[in-house]
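Chains as they are written, first to last, in this note's numbering: chain A, 1 to 119; chain B, 1 to 448.
Check each hint, because a few of them may be wrong.
As the list claims (entries may be wrong) - Away from chain A, derived, C-beta distances all over 12 Å, residues of chain B:
#: 1; residue: Phe229
#: 2; residue: Gly290
#: 3; residue: Ile312
#: 4; residue: Ala336
#: 5; residue: Asp343
#: 6; residue: Gln382
#: 7; residue: Ile397
What the hints assert, rightly or not - If you want the ones that stay clear, here's a sample from chain B, every Cβ over 12 Å from chain A, calculated:
#: 8; residue: Met39
#: 9; residue: Phe58
#: 10; residue: Ala151
#: 11; residue: Val182
#: 12; residue: Asp248
#: 13; residue: Arg294
#: 14; residue: Lys310
#: 15; residue: Gln339
#: 16; residue: Ala379
#: 17; residue: Tyr402
#: 18; residue: Phe448
To be verified - EDC-like cross-link-like pairs, simulated, lysine to aspartate or glutamate; straight-line CA separation at most 20 Å:
#: 19; chain 1: B; residue 1: Lys309; chain 2: A; residue 2: Asp70
#: 20; chain 1: B; residue 1: Lys103; chain 2: B; residue 2: Asp384
#: 21; chain 1: A; residue 1: Lys118; chain 2: A; residue 2: Glu36
#: 22; chain 1: A; residue 1: Lys118; chain 2: A; residue 2: Asp70
#: 23; chain 1: B; residue 1: Lys67; chain 2: A; residue 2: Asp82
#: 24; chain 1: B; residue 1: Lys67; chain 2: A; residue 2: Glu87
#: 25; chain 1: A; residue 1: Lys114; chain 2: A; residue 2: Asp43
#: 26; chain 1: B; residue 1: Lys70; chain 2: A; residue 2: Asp53
#: 27; chain 1: A; residue 1: Lys114; chain 2: A; residue 2: Glu36
#: 28; chain 1: A; residue 1: Lys39; chain 2: A; residue 2: Glu90
#: 29; chain 1: A; residue 1: Lys79; chain 2: A; residue 2: Glu115
#: 30; chain 1: B; residue 1: Lys69; chain 2: A; residue 2: Glu90
#: 31; chain 1: B; residue 1: Lys309; chain 2: A; residue 2: Asp53
#: 32; chain 1: B; residue 1: Lys310; chain 2: A; residue 2: Glu90
#: 33; chain 1: A; residue 1: Lys114; chain 2: A; residue 2: Asp53
#: 34; chain 1: A; residue 1: Lys39; chain 2: A; residue 2: Asp53
#: 35; chain 1: B; residue 1: Lys91; chain 2: B; residue 2: Asp384
#: 36; chain 1: A; residue 1: Lys118; chain 2: A; residue 2: Glu87
#: 37; chain 1: B; residue 1: Lys67; chain 2: A; residue 2: Asp43
#: 38; chain 1: B; residue 1: Lys70; chain 2: A; residue 2: Glu87
#: 39; chain 1: A; residue 1: Lys114; chain 2: A; residue 2: Asp70
#: 40; chain 1: B; residue 1: Lys310; chain 2: A; residue 2: Asp70
Because the hints were derived from the structure by calculation, they are not lab data.
Virtual Cβ for every residue (Gly too), placed ideally from N, Cα, C.
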Amino acid sequence: MEREDFLMKKTVVLFLAAGLLVTGFWGAGTGKCADERGKTIFDGKCAMCHGTDGSGNGPAAAALNPGPADFNTASFWGKMSDARITEVIENGHGSMPAFTLSSGEIRAVINYMKEAFKP
Amino acid sequence: MFGKPLRCVLLALCAGGILALLTFNEAKAVPSFARQTGMSCSACHTAFPELTPFGRTFKLTGYTISKSKKPWQFPPPVAAMLQGSYTRTDKNLPPGTAPPDYKGNDNINVPQQASVFYAGKILYKLGAFVQITYDDVFDGIFLDNTDVRLAHTAKLFGKPLIVGLTYNNNPTVQDVWNSTPVWGYPWATSNVAPTPAAGAVIDGALGSQVGGLGVYALWNNLLYAEITFYRTALNGYTQPLSAGTPIDTNVAYVAPYWRVYLQHQRGKHTIAFGTYGMVTRIFPEGETRGTPDRFTDIALDATYQYISKKHIFSVQTTWIHEIQDWFGSYPLGATANSQNTLDTFRANFNYYYRFRYGMLGGTFGYFSTTGNTDPVLYAPDQVDGSRTGSPNTDGFILQAYYLPWERTKFTVQYVIYNRFNGASSNYDGFGRSASDNNTLYVLAWIAF
Numbered sequence: 001m002e003r004e005d006f007l008m009k010k011t012v013v014l015f016l017a018a019g020l021l022v023t024g025f026w027g028a029g030t031g032k033c034a035d036e037r038g039k040t041i042f043d044g045k046c047a048m049c050h051g052t053d054g055s056g057n058g059p060a061a062a063a064l065n066p067g068p069a070d071f072n073t074a075s076f077w078g079k080m081s082d083a084r085i086t087e088v089i090e091n092g093h094g095s096m097p098a099f100t101l102s103s104g105e106i107r108a109v110i111n112y113m114k115e116a117f118k119p
Numbered sequence: 001m002f003g004k005p006l007r008c009v010l011l012a013l014c015a016g017g018i019l020a021l022l023t024f025n026e027a028k029a030v031p032s033f034a035r036q037t038g039m040s041c042s043a044c045h046t047a048f049p050e051l052t053p054f055g056r057t058f059k060l061t062g063y064t065i066s067k068s069k070k071p072w073q074f075p076p077p078v079a080a081m082l083q084g085s086y087t088r089t090d091k092n093l094p095p096g097t098a099p100p101d102y103k104g105n106d107n108i109n110v111p112q113q114a115s116v117f118y119a120g121k122i123l124y125k126l127g128a129f130v131q132i133t134y135d136d137v138f139d140g141i142f143l144d145n146t147d148v149r150l151a152h153t154a155k156l157f158g159k160p161l162i163v164g165l166t167y168n169n170n171p172t173v174q175d176v177w178n179s180t181p182v183w184g185y186p187w188a189t190s191n192v193a194p195t196p197a198a199g200a201v202i203d204g205a206l207g208s209q210v211g212g213l214g215v216y217a218l219w220n221n222l223l224y225a226e227i228t229f230y231r232t233a234l235n236g237y238t239q240p241l242s243a244g245t246p247i248d249t250n251v252a253y254v255a256p257y258w259r260v261y262l263q264h265q266r267g268k269h270t271i272a273f274g275t276y277g278m279v280t281r282i283f284p285e286g287e288t289r290g291t292p293d294r295f296t297d298i299a300l301d302a303t304y305q306y307i308s309k310k311h312i313f314s315v316q317t318t319w320i321h322e323i324q325d326w327f328g329s330y331p332l333g334a335t336a337n338s339q340n341t342l343d344t345f346r347a348n349f350n351y352y353y354r355f356r357y358g359m360l361g362g363t364f365g366y367f368s369t370t371g372n373t374d375p376v377l378y379a380p381d382q383v384d385g386s387r388t389g390s391p392n393t394d395g396f397i398l399q400a401y402y403l404p405w406e407r408t409k410f411t412v413q414y415v416i417y418n419r420f421n422g423a424s425s426n427y428d429g430f431g432r433s434a435s436d437n438n439t440l441y442v443l444a445w446i447a448f
């Protein structure tokens, strides 16, 4: 009886450990996919003006006035909330055109911008 | 398990779905500017051909903004468009007055136009918009609107400056506002319906008849100035710009064109005020030498544009004042007056609504042409002439649009004439009324 209890507990612990391991990898995989999606969207749609380094010096930047924002500065993140960034992406701002992105895609882009550029 | 008819339906649905996916998929089927930039059409256009602030910048920088860092564009920025239409006037055209091979009414024109474009970067800072068109009424292929640019960005007094050269074949094709003739409302019209007799030279008479070389600059996204010199495309370095088009408007000497505007952008709002004009000397009809007539066009224009995620609203207006000095035609007896004036006014209000299934929109436009009475210049003639010798025409153009996706536009247009060639009733001397020319025009416009 005691041996059976031990085996039962051991099995439960092993399953729990396996479950945590799987969940941990799953969660990590989801985060990595979201970052990659954000980077892919940024490089494809934003980098032409904002640059792949987010400095606002992309190939099209020289022709735009006002110039594209530099995402590497504390002042940008100080005044631009996630909601405001979302609003600019959805509606455009000055020479910046509006972009048709889903809420999930916008979230991915903002997360990527924070991870890659925010000081 | 499934009967043959149902399998056929399912196969058809699958084929249609695949086709729809290919059509909707930006990576597989987009015009060349969108391919070059990697952006959707809505980045540069509200509803084509209207431009957004970014679209105006793209054009002023020589069509060279690209997601690629290479000095050339590969694959080449080639695109195409197709227009098919239906035209109906309130009263049939009398026998012998419709364009060749067309009926007196209810004309289906497919294709009305088919065009191929080279539109985008050529090399480094050199880019072009080149349109080669087949027109069904013209029944031929010709070099249509063409604008080749070399542009450079710099700074002046610490502010951004765009400078460039333009080589083009149609005055105002190089303009970035939809208030000037080439890209102005109503964007497209029937090529079989009657049109008023009079129009300013700068208002479409010189397309593919001239070539011009000009220089322009936009400073601080605020002030724009341009001077372009046009000459006939009959010969010389401008001759290639008229490929496929017979020259029937012989421009003498050099015709200077100018353009100045002020613009201001604040958030979703843009406003612009400007002036443009041209002095053109044209030999009398059928002549290639002697004393040319002189046409002095002075114009004002204004635009307001509001662009948000769902709502787009714009207003464009222009007024063109033309002084016609008939130095050559009057001595030949081709005009009754040695000098005439002609005033053209247009104003249109556009609204678009973006929603899940595309874009809906509409435009209310008013037009007016007024000028001196000249019974020789505006003589009676069936449908196209004037009983009173007056060019005065005015009316409204109403349009409704549906764009199911960015590269396709369905338009229903109705033109209402209050006056046509000088009168409301019996305007031509043959019993035709202005309202007889009211035109229903349905257009499908697809870009690839």
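Hints, verified against the model:
Every CB of chain A is more than 12 Å from the CB of phenylalanine 229 of chain B (nearest about 25 Å), matching its label as outside the interface. Every CB of chain A is more than 12 Å from the CB of glycine 290 of chain B (nearest about 47 Å), matching its label as outside the interface. Distance to chain A contradicts isoleucine 312 of chain B as a non-interface residue, since its nearest Cβ pair spans about 10 Å, not more than 12 Å. No Cβ of chain A approaches the Cβ of alanine 336 of chain B within 12 Å, the least distance being about 51 Å, so the stated non-interface status holds.
Against chain A, the non-interface label of aspartate 343 of chain B holds: every CB pair exceeds 12 Å, the least being about 35 Å. Taking the minimum C-beta to C-beta distance to chain A, about 50 Å, the non-interface status of glutamine 382 of chain B holds against the 12 Å cut. Consistency note on isoleucine 397 of chain B: stated as away from chain A, and its beta-carbon is indeed over 12 Å from all of that chain's, at 28 Å minimum. Not every Cβ of chain A is farther than 12 Å from the Cβ of methionine 39 of chain B; the closest lies at roughly 7 Å, contradicting the non-interface assignment.
The claim that phenylalanine 58 of chain B is not at the interface with chain A is violated, since a C-beta of that chain comes within 12 Å of its own (minimum 8 Å). Listed as a non-interface residue, alanine 151 of chain B fails to keep its Cβ farther than 12 Å from every Cβ of chain A; the least gap is roughly 8 Å. At the 12 Å boundary, the C-beta of valine 182 of chain B stays outside the reach of chain A, the nearest C-beta of that chain being 22 Å off. The Cβ of aspartate 248 of chain B sits about 39 Å from the closest Cβ of chain A, beyond the 12 Å cut-off, so the non-interface label holds.
A cut-off of 12 Å between C-beta atoms confirms that arginine 294 of chain B is not in contact with chain A; the least separation is 38 Å. Residue-level check failed: lysine 310 of chain B sits 9 Å from the nearest beta carbon of chain A, not beyond 12 Å. For glutamine 339 of chain B, the condition that its CB be more than 12 Å from all CB atoms of chain A holds, with the nearest at approximately 44 Å. Even its closest Cβ contact with chain A, about 51 Å, leaves alanine 379 of chain B beyond 12 Å, as expected for a residue assigned away from the interface.
Tyrosine 402 of chain B, annotated as away from the interface, keeps every beta carbon of chain A farther than 12 Å; the closest lies near 18 Å. No Cβ of chain A approaches the Cβ of phenylalanine 448 of chain B within 12 Å, the least distance being about 20 Å, so the stated non-interface status holds. Our distance criterion of 20 Å between C-alpha atoms is broken by lysine 309 of chain B and aspartate 70 of chain A, whose separation comes to about 24 Å. With a C-alpha separation of about 17 Å, the suggested pairing of lysine 103 of chain B with aspartate 384 of chain B holds against the 20 Å cut-off.
With a C-alpha separation of about 17 Å, the suggested pair lysine 118 of chain A and glutamate 36 of chain A falls inside the 20 Å cut-off, and the hint holds. For a cut-off of 20 Å, the pair hint linking lysine 118 of chain A to aspartate 70 of chain A stands: about 10 Å separates their Cα positions. Between the alpha carbons of lysine 67 of chain B and aspartate 82 of chain A the distance comes to roughly 26 Å, so the proposed pair goes past 20 Å and is violated. With a CA separation close to 24 Å, the supplied pair lysine 67 of chain B and glutamate 87 of chain A exceeds the 20 Å bound.
Using a Cα cut-off of 20 Å, the hinted pair lysine 114 of chain A and aspartate 43 of chain A holds, with the two alpha carbons roughly 15 Å apart. Distance hint between lysine 70 of chain B and aspartate 53 of chain A is fulfilled; the C-alpha atoms sit about 18 Å from each other, no more than 20 Å. Restraint check: the Cα-Cα separation between lysine 114 of chain A and glutamate 36 of chain A comes to about 13 Å, which is no more than 20 Å; the hinted pair holds. A hinted pair counts as satisfied when its Cα atoms are at most 20 Å apart, and lysine 39 of chain A with glutamate 90 of chain A qualifies at roughly 18 Å.
Of the supplied pair hints, the one linking lysine 79 of chain A and glutamate 115 of chain A holds, its CA atoms being roughly 17 Å apart against a limit of 20 Å. Taken as a hint, the lysine 69 of chain B and glutamate 90 of chain A pair is broken in the structure, with Cα atoms around 27 Å apart against an allowance of 20 Å. Of the supplied pair hints, the one linking lysine 309 of chain B and aspartate 53 of chain A is violated, its CA atoms being roughly 27 Å apart against a limit of 20 Å. Distance check on the hinted pair: lysine 310 of chain B and glutamate 90 of chain A sit about 9 Å apart at the alpha-carbon level, within 20 Å; holds.
About 12 Å separates the Cα atoms of lysine 114 of chain A and aspartate 53 of chain A, which keeps this hinted pair within 20 Å; it holds. Straight-line distance between C-alpha atoms of lysine 39 of chain A and aspartate 53 of chain A comes to about 11 Å, which keeps the hinted pair within the 20 Å bound. With a C-alpha separation of about 14 Å, the suggested pair lysine 91 of chain B and aspartate 384 of chain B falls inside the 20 Å cut-off, and the hint holds. In summary, the hint linking lysine 118 of chain A to glutamate 87 of chain A is supported, as the alpha carbons are separated by about 19 Å, within the 20 Å threshold.
Proximity of lysine 67 of chain B to aspartate 43 of chain A is assessed by CA-CA distance (about 9 Å); at most 20 Å being required, the pair is judged to hold. Among the hinted pairs, lysine 70 of chain B with glutamate 87 of chain A is inconsistent with the structure: their alpha-carbon atoms are about 33 Å apart, more than 20 Å. About 12 Å separates the Cα atoms of lysine 114 of chain A and aspartate 70 of chain A, which keeps this hinted pair within 20 Å; it holds. Pair hint lysine 310 of chain B plus aspartate 70 of chain A does not hold up; C-alpha atoms about 27 Å apart against a cutoff of 20 Å.
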